[in-house]
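Student: Residues per chain, in single letters:
Number of protein chains: 2
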Amino acid sequence: MRAAQESFAERGYTTTTIRGVAAVAGVDPALILQFYGNKDGLFDAALRVDPPTRSLLALVFEGETGTLGKRLLRRYLELWETPDTGARLLAVARGASASPSASAMVAAFMSEEVMLPLARAIGADHAELRANLTGAHLLGLATARYVLRVQPLASLDRERLVAVQGAVVQRHLTGDLG
Amino acid sequence: MRAAQESFAERGYTTTTIRGVAAVAGVDPALILQFYGNKDGLFDAALRVDPPTRSLLALVFEGETGTLGKRLLRRYLELWETPDTGARLLAVARGASASPSASAMVAAFMSEEVMLPLARAIGADHAELRANLTGAHLLGLATARYVLRVQPLASLDRERLVAVQGAVVQRHLTGDLG
DNA sequence: CAAAATAACTCATCGATGTTGAATTCGAGG
DNA sequence: CCTCGAATTCAACATCGATGAGTTATTTTG
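The listed protein sequences correspond, in order, to chains Y and R. The numbers in this note's numbering rise by one with no breaks, and the one at position 62 of the first sequence is 476. The numbers in this note's numbering rise by one with no breaks, and the one at position 4 of the second sequence is 418.
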């Protein structure tokens with residue numbers, strides 16, 4: 415399991431091979447499939463435990479609701495830029511097209527897992543839609559900055575990005591909906 | 415080539431097989447690789463021609479700059495919801511993690527290919543960053559709505575989504591940058 | 001027009017991958 | 001010690017992308 419977590423974090427979903435994980439673990443490849451069914455099941459088991467973005471929920475109680483946008487965005491970017499959590503987020507994001515489990519994780523982030531509880535915690539109207547919009551926005555930013563590394567966004571100072579986009583996150587959470 | 419375009423559009427990058435394309439085309443698989451080098455080269459050749467989002471550039475000259483956000487978002491959503499162009503956009507978006515070529519196409523959309531010329535055409539300051547932010551936002555929305563099909567965003571009325579998010583797109587193009 | 005050169009195309013094959021089912025080893029309980 | 005079930009391995013299959021040599025077709029040329 416530790417070998418799987420490391421391999422998925424370092425090499426992503428597609429380039430991680432069951433045979434490789436089995437070799438690192440000093441075990442036969444078939445043993446892994448006996449336990450986890452298939453490669454997707456292994457990924458799910460390896461990445462499901464303690465999802466990094468779950469910690470974002472605590473932000474609701476650490477400050478004013480009016481500053482939640484900035485704080486949420488800052489902490490989210492920090493998660494991406496921390497080696498350990500960043501590698502796992504990258505694995506999930508990049509595997510989202512090849513692995514149903516990774517895809518479900520990203521979808522869950524935008525609704526029931528993280529963003530929806532967060533939107534509900536601040537008592538927002540249209541919590542489901544606000545959760546989706548906030549999640550989609552954050553996902554887009556992370557994809558451009560950390561996955562595709564589009565310039566100049568990728569090398570923009572983190573605090574400057576918070577200053578530029580914090581208000582948009584805030585708008586999605588508490589602002590006018592059209 | 416036509417077989418490749420149809421297969422990539424219908425089945426995406428990973429599930430499309432060179433052998434399958436060759437069978438539809440009534441040809442040996444090796445012939446395809448002889449022409450396009452590898453699977454990624456085939457994808458590039460099949461999807462590079464006439465990228466659907468290129469047409470978004472014309473919107474600059476079809477109305478006031480102050481309404482460009484809404485018009486851009488509306489037309490972008492229409493592209494995703496049109497069967498032909500939507501299938502191609504889906505293929506590129508879903509293949510972005512497995513295919514370097516698809517990844518480059520998405521990155522190009524957010525900068526030199528579409529969003530940057532558009533930002534430059536309206537004479538925006540910090541055109542590169544605005545292009546990235548607008549592109550990232552649109553990509554995030556499309557990923558959530560059309561790729562992951564997150565609810566309720568996925569089934570939200572298109573015009574309602576334009577009403578809700580048009581102002582954000584507009585802000586990224588011409589609004590305050592922090 | 002025939003021969004030579006180039007392009008188009010096929011064939012057999014390799015190495016790697018996910019996956020499967022049977023076989024084997026291991027570890028506890030009676 | 002023996003048995004039974006879990007843990008683990010073994011050997012193999014089907015499929016995939018890719019390679020390189022060989023073969024056919026087409027064009028160029030003398």
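Quick caveat, the hints were computed from the structure, so don't treat them as lab data. Honestly, I wouldn't trust all of these hints.
Same chains, same label: a pair holds when it works inside one copy or across any pair of copies.
Unchecked claim - With a Cα cut of at most 20 Å, we get these calculated SDA-like pairs of lysine to any residue:
no.: 1; residue 1: Lys453; residue 2: Gly477
no.: 2; residue 1: Lys453; residue 2: Leu570
no.: 3; residue 1: Lys453; residue 2: Thr481
no.: 4; residue 1: Lys484; residue 2: Gly434
no.: 5; residue 1: Lys484; residue 2: Ala541
no.: 6; residue 1: Lys484; residue 2: Leu473
no.: 7; residue 1: Lys453; residue 2: Thr428
no.: 8; residue 1: Lys484; residue 2: Arg585
no.: 9; residue 1: Lys453; residue 2: Leu493
no.: 10; residue 1: Lys484; residue 2: Ile536
Student: Does each hint hold? Answer for all of them.
Tutor: These are the hints, each one checked on the structure:
{"no.": "1", "hint": "Lys453 x Gly477", "verdict": "neither (41 Å within a copy, 51 Å between copies)"}
{"no.": "2", "hint": "Lys453 x Leu570", "verdict": "neither (36 Å within a copy, 34 Å between copies)"}
{"no.": "3", "hint": "Lys453 x Thr481", "verdict": "neither (41 Å within a copy, 47 Å between copies)"}
{"no.": "4", "hint": "Lys484 x Gly434", "verdict": "neither (41 Å within a copy, 49 Å between copies)"}
{"no.": "5", "hint": "Lys484 x Ala541", "verdict": "within (19 Å within a copy, 23 Å between copies)"}
{"no.": "6", "hint": "Lys484 x Leu473", "verdict": "within (11 Å within a copy, 32 Å between copies)"}
{"no.": "7", "hint": "Lys453 x Thr428", "verdict": "both (10 Å within a copy, 15 Å between copies)"}
{"no.": "8", "hint": "Lys484 x Arg585", "verdict": "both (11 Å within a copy, 17 Å between copies)"}
{"no.": "9", "hint": "Lys453 x Leu493", "verdict": "neither (26 Å within a copy, 34 Å between copies)"}
{"no.": "10", "hint": "Lys484 x Ile536", "verdict": "within (15 Å within a copy, 29 Å between copies)"}
Consistency with the previously given hints fails for numbers 1, 2, 3, 4, 9, ordered from lowest to highest.
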